[in-house]
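In order, the protein sequence lines correspond to chains A and B.
Heads up, the first sequence is in my numbering, so the first residue is 8 and it goes up one at a time.
Heads up, the second sequence is in my numbering, so the first residue is 8 and it goes up one at a time.
No lab work stands behind these hints: they were computed from the structure.
Among the hints, a few may not be true.
No copy labels: a pair is met if it fits in one copy or bridges any two.
Straight-line Cα separation of at most 27 Å, DSSO-like style, residue types lysine-lysine; simulated pairs [to be verified]: (1) LYS185 to LYS321; (2) LYS108 to LYS206; (3) LYS146 to LYS206; (4) LYS131 to LYS306; (5) LYS9 to LYS108; (6) LYS321 to LYS286; (7) LYS108 to LYS306; (8) LYS18 to LYS321; (9) LYS306 to LYS292; (10) LYS27 to LYS9; (11) LYS306 to LYS321; (12) LYS131 to LYS313; (13) LYS65 to LYS108; (14) LYS18 to LYS131; (15) LYS27 to LYS131; (16) LYS292 to LYS321; (17) LYS206 to LYS185; (18) LYS313 to LYS108.
None of these values were measured; they are calculated from a predicted model.
Protein chains: 2
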Amino acid sequence: LKLEITRQEYKRRTSIVLDKMKELGLDAFVFWNNTSVFYLCGFSFIPTERPACMILTKHGNKIMYVPRLEVEHATQNQEVSETISYPEYPGAIHPMENLAKAITGMGLATAHLGSDASGYSSTKGYRGPGLTEVLPSVKLTLLPYLVEEIRVIKSSEEIAFIRESARWGNLAHSLLQKYSLPGYLENEVSLRATLETTKAMVATLGDSYNPKVSTGLDPHVGFRGQIGPNSALPHAIDINAVLQPGDNLVTYACPRIGGYTSELERTMFVGEPGPEQRKYFGFMKEIQETAFDKIRPGKPCSDVDKAVREVYEKHGLWDYWRHHTGHALGLLNHELPFFDSGDHSVMRPGMVFSVEPGIFVPGLGGFRHSDTVLVTETGMEMLTYYPRDLERLICR
Amino acid sequence: LKLEITRQEYKRRTSIVLDKMKELGLDAFVFWNNTSVFYLCGFSFIPTERPACMILTKHGNKIMYVPRLEVEHATQNQEVSETISYPEYPGAIHPMENLAKAITGMGLATAHLGSDASGYSSTKGYRGPGLTEVLPSVKLTLLPYLVEEIRVIKSSEEIAFIRESARWGNLAHSLLQKYSLPGYLENEVSLRATLETTKAMVATLGDSYNPKVSTGLDPHVGFRGQIGPNSALPHAIDINAVLQPGDNLVTYACPRIGGYTSELERTMFVGEPGPEQRKYFGFMKEIQETAFDKIRPGKPCSDVDKAVREVYEKHGLWDYWRHHTGHALGLLNHELPFFDSGDHSVMRPGMVFSVEPGIFVPGLGGFRHSDTVLVTETGMEMLTYYPRDLERLICR
């Protein structure tokens, strides 16, 4: 089993960027965004105070500029043509000055460069000048979203990874449900499911299984504080709750495969739900199905959210509305475009979205399923497949 | 037991900012940096495509501007004076336009504002204009590091949290060592230690235990891929390695308490280490002790790193040098200033640093302890206290 992006795929991605560079007359492009670097060469690093970037020349060379501590790590990667390093941050010479020297050494001191940002930025203690401050003769064109826009359409290799992620998300979620019993701590349930899933993934996928990016403990599966009434907060944070009979649970299971994620979320109940819980669960399911029905290529993303909003309207649910219907995903857990009434991007085959309209009832709890869907030539395909009906989501 | 930042402490922090604002004649300050928001009002949110910020008025009011989905979450927090929300991103009206209306509604459309950034930024699909584009009559002064610089000196409450974090880091690391046996998967060991530590923390600290910030599964304890020869990469990434007899291990244990972290890292061995491993371990320990000896208030941070560099020189270890001696930490795992030969910031009582010079031998492995130390009036105090000697770091 091979869970690696092929060299042809890297070549395909790179050639889209090179075409754009040619069109704009750029001699090289400096990528500061670490997701873009990973997308173009498969190198993932932990961002800190130390600047790092990839320089893509118009000839297609990929030059990593990294702190000394990342040299061996960057060089392991066969997509990287060359690695240039500086000792440390802040160091005797600022890393941006060293970068200016390196770029000058490439004959690019007066070139037309593209970049996704004016320079490195980090909240982890970094301060420094922008590219044009250290290279005053460079002509700089900022294109912050160049790679983000290419990432919108997933290739067959990417879809295969997201599909594989959804498989393991299903296992992780089954285990989460199995261990969601009264009296257990939130993180006790999450960690048991995480541990068993990890062991199954490694035993099944062997050496080919590697999350590829630093995500802390992967696969992530759990509740993120969405337990009982606290689940009425769509972006709740761990509260170390103990599961109680009758609790609403809102879950997530999003294992990484080769850097890619899928998104599976379910509303579950600890034991038998009450009539109010059944009612809102039913509305939520109806709203999500309304969304599925509206997903088809050639139509604007906003169509999906608008149809969903009509169901909130019909059932008088506006007090319980908190967020739009969904977002694209892939290397990041949220990517553009969005299933939002204000996002008129056209759905195209190869786009992958979460579909997760929710109902959040203060004092009672949250009701949200999230499924990952692929836009196809004719409509959509569900990539996640965990049961969605209430009876099978009661934890007993 | 109370593990909450007091209102007096929030008041103290806020008054430092207000004084600075007064000095500069600012009518209000817009904070986009979510660590700064958390520092000033204790509200932690998950950054996505949806902009969020806190507006601090010169009168000390803290107004949260958030998407609809965060309203109840923000309002829970008693430090927040007021919550203003917009429906969604991108929505019918861009959230930055709504923010401009809100700021205009506060009578600040032609005011002198400070901000830590020109606007919201995110890699998760957000695009939008800067503050001055939506508020053209505002005078904007950018102060990106205002709160970061205040955070450098930790208060007694912060030090108490970091100390508490170090206690649980010690437990987590003891369990990690206990389970680090040949034949076990990297994440199997990490997750067992994480699970037991979580249960002990909740049972001991009760409802007062809350990581406060979204960090995925906390407490974090593990190896991050630093197993066997791969530990020669200081910023390795999980590889799902199976522990083998003779492996070098480089660990970490950094539980969050009230949002604060400490940093404990150790070099361990799976069974009896060989003579090469003993030799480099000895050098590493000598280098770390050299650093401890140099930490005292009134001296520049660079002194510590310079002394450390002399030991690399003395033993001919430059081939194995990869990074500076350490970094400050607190709310983030890396903060300024740095124990770096180029950082001449003066050490002051209340600063908290990691001390972690390392030796990284390709093909053999990494050798690094990291301890968290507090700069005191007279020298330093170790906050982490896990054994540092080789014999007690052999996993049997």
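What label fits LYS108 with LYS306 when the C-alpha limit is 27 Å: within, between, both, or neither?
-> Neither: 49 Å inside a chain and 32 Å across chains, both beyond 27 Å.
How would you label the pair LYS27, LYS9 (within, between, both, or neither) given a Cα cut-off of 27 Å?
-> neither (31 Å within a copy, 57 Å between copies)
Status of LYS321 relative to LYS18 across identical chains (alpha carbons, at most 27 Å) = neither (50 Å within a copy, 47 Å between copies)
For the identical chains here, do LYS292 and LYS321 meet the 27 Å Cα criterion within one copy, between copies, both, or neither?
-> within (14 Å within a copy, 69 Å between copies)
Which holds for LYS313 with LYS108 at a C-alpha limit of 27 Å: within a copy, between copies, both or neither?
-> Close across copies (25 Å), not inside one copy (53 Å); limit 27 Å.
Alpha-carbon proximity context of LYS108 and LYS206, limit 27 Å = neither (47 Å within a copy, 52 Å between copies)
Intra- versus inter-copy proximity for LYS321 and LYS185 (alpha-carbon distance at most 27 Å) | Result: close neither inside a copy nor across copies, 36 Å intra and 58 Å inter.
Homomeric proximity label, LYS18 with LYS131: Cα distance no greater than 27 Å | Between copies, since 25 Å is at most 27 Å while 33 Å is not.
Within a copy, between copies, both or neither: where do LYS321 and LYS286 come within 27 Å Cα-Cα?
-> Result: close within a single copy only, 14 Å intra versus 74 Å inter.
Between LYS306 and LYS321, at a C-alpha cutoff of 27 Å, which is it: within one copy, between copies, both, or neither?
-> within (23 Å within a copy, 69 Å between copies)
Between the shortest in-copy and the shortest cross-copy C-alpha distance, which are at most 27 Å for LYS9 and LYS108: within, between, both, or neither?
-> Neither: 40 Å inside a copy, 53 Å across copies.
Alpha-carbon proximity context of LYS146 and LYS206, limit 27 Å = Classified as neither: same-chain Cα gap 51 Å, cross-chain 57 Å, threshold 27 Å.
Checked against the numbered hints above, the structure breaks hints 1, 2, 3, 5, 7, 8 and 10 and satisfies the rest.
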